[in-house]
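Protein chains: 2
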Amino acid sequence: MKPELEFWYEFASTYSYISVMRIDELAKREGVLIKWRPFLLGPIFKSQGWATSPFNIYESKGRYMWRDIERLADKYGIPWEKPSEFPRNGLRVSRVALVAEQEGWCEEFSRKVFQANFAQDKDISDEAVIASILDSIGKSSAQVIERAKSDETKLKLRAQTEQAMEKGIFGAPTFSAGDELFWGNDRLEDAIIWVKSERI
Amino acid sequence: MKPELEFWYEFASTYSYISVMRIDELAKREGVLIKWRPFLLGPIFKSQGWATSPFNIYESKGRYMWRDIERLADKYGIPWEKPSEFPRNGLRVSRVALVAEQEGWCEEFSRKVFQANFAQDKDISDEAVIASILDSIGKSSAQVIERAKSDETKLKLRAQTEQAMEKGIFGAPTFSAGDELFWGNDRLEDAIIWVKSERI
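Protein chains in written order, with the working numbering: chain B, 9 to 208; chain R, 9 to 208.
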């Protein structure tokens with residue numbers, strides 16, 4: 009059995025995008041299994057007294073982040089276009105990702121959503137945009153979106169976000185293995201090394 | 009002439025400590041000149057509405073930081089003892105560092121202060137602790153401390169902190185080269201690569 013790492017991400021998060029575009033190659037090379045765990049940062053930020061992303065609240069931090077992401081995209085050779093709206097509401101698309109998680113196509117769907125948001129400046133809160141992504145990966149968008157709107161899916165997303173909070177997650181991306189948390193795209197390599205060595 | 013990188017740090021900052029212990033070896037190996045620029049985070053945090061370190065304000069973020077630093081110290085082989093008080097007030101010791109900056113021994117002094125705070129759990133806000141560090145590196149502590157208390161030094165530290173804010177610095181450590189900022193110990197390597205390539 010391969011060592012396993014949980015990958016907690018939020019669709020609006022710029023640094024999650026960088027990890028989404030890097031994680032597959034790294035995980036395959038290192039023989040680590042990634043469990044994709046979409047969750048919502050909104051309720052976590054709210055519990056810290058923030059009504060929006062800290063990058064919008066703290067001006068110099070925000071200005072820095074946009075430049076930093078530009079440099080990271082360049083460093084890793086990742087397509088990048090600054091979204092005209094930030095953060096985009098990830099509630100609807102996260103519910104679809106929860107359906108995808110249960111059906112086993114969460115990774116493929118999530119990557120497409122991140123590319124839409126951060127490489128194509130598409131509004132991922134828009135149901136039509138979500139439907140077209142679903143169609144592009146061969147899913148029946150109408151059916152999936154209906155399931156995403158069910159109370160069951162809504163509760164599952166809420167539970168997933170609560171689980172993130174209980175684990176002590178306060179930002180995205182976060183990688184987790186047991187009680188161990190690794191926060192930020194910068195910690196992806198360390199997290200992979202950690203789960204590998206834990207199993208030796 | 010060697011490429012130059014400014015190293016902005018705050019004596020209370022845990023991640024600054026990790027960089028303080030790593031930067032010399034890296035800079036020598038890569039042929040980069042480091043300008044040590046101590047400053048105060050307090051006024052910057054205050055301008056963001058924070059009365060103390062965000063690691064104290066946001067509980068899960070704080071809990072994470074202490075674990076993360078422990079892992080980083082382990083990863084880099086850096087001595088580490090969690091300080092019994094955090095953050096320690098760096099005002100007095102920063103003024104001494106400003107004197108040291110002018111006299112050319114800022115690096116040696118700063119490293120000793122960080123080690124006192126984060127490897128020996130000494131109270132670096134205490135004048136006796138500062139004096140004993142000064143003595144240990146062969147400085148006349150009484151004379152230096154007197155100079156550190158002068159209006160000239162106080163104004164210099166204030167100006168340095170204001171310069172940090174004007175540059176858009178919002179946390180420590182930050183590495184800067186011209187208008188380019190690199191925030192966090194995680195960016196040290198990127199910052200060094202940046203200044204080297206800028207000069208080619």
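Bear in mind the hints are in silico, worked out from the structure with no lab data behind them.
Don't take every hint at face value.
For identical chains, the list gives no copy identity; a pair is met inside one copy or between any two copies.
Pairs of lysine-lysine residues, derived as PhoX-like cross-links and limited to a Cα-Cα distance of at most 20 Å, are as follows [what the hints assert, rightly or not]:
# : residue 1 : residue 2
1 : K54       : K204
2 : K175      : K69
3 : K69       : K54
4 : K36       : K204
5 : K83       : K175
6 : K10       : K204
7 : K36       : K175
8 : K162      : K36
Verification of the hints:
1. Taking the closest pair of Cα atoms, K54 and K204 never come within 20 Å of each other, the shortest separation being 35 Å inside a single copy and 42 Å across copies.
2. Within a single copy, K175 and K69 get their C-alpha atoms only as close as 26 Å, which misses the 20 Å cut-off; across copies the closest is 12 Å, which meets it.
3. Taking CA atoms no more than 20 Å apart as the test, K69 paired with K54 passes in both settings, with 19 Å inside one copy and 14 Å between copies.
4. For a Cα distance limit of 20 Å, the shortest separation of K36 from K204 inside one copy, 12 Å, qualifies, whereas the shortest one across copies, 33 Å, does not.
5. Proximity of K83 and K175 under a CA criterion of 20 Å is satisfied in neither setting, with 31 Å inside one chain copy and 23 Å between copies.
6. Only within a single protomer do K10 and K204 lie at most 20 Å apart by alpha-carbon distance; the minimum there is 9 Å, versus 40 Å between protomers.
7. Taking the closest pair of Cα atoms, K36 and K175 never come within 20 Å of each other, the shortest separation being 26 Å inside a single copy and 41 Å across copies.
8. Proximity of K162 and K36 under a CA criterion of 20 Å is satisfied in neither setting, with 32 Å inside one chain copy and 55 Å between copies.
In summary, the structure is inconsistent with hints 1, 5, 7, 8 from the numbered list given earlier, while agreeing with the others.
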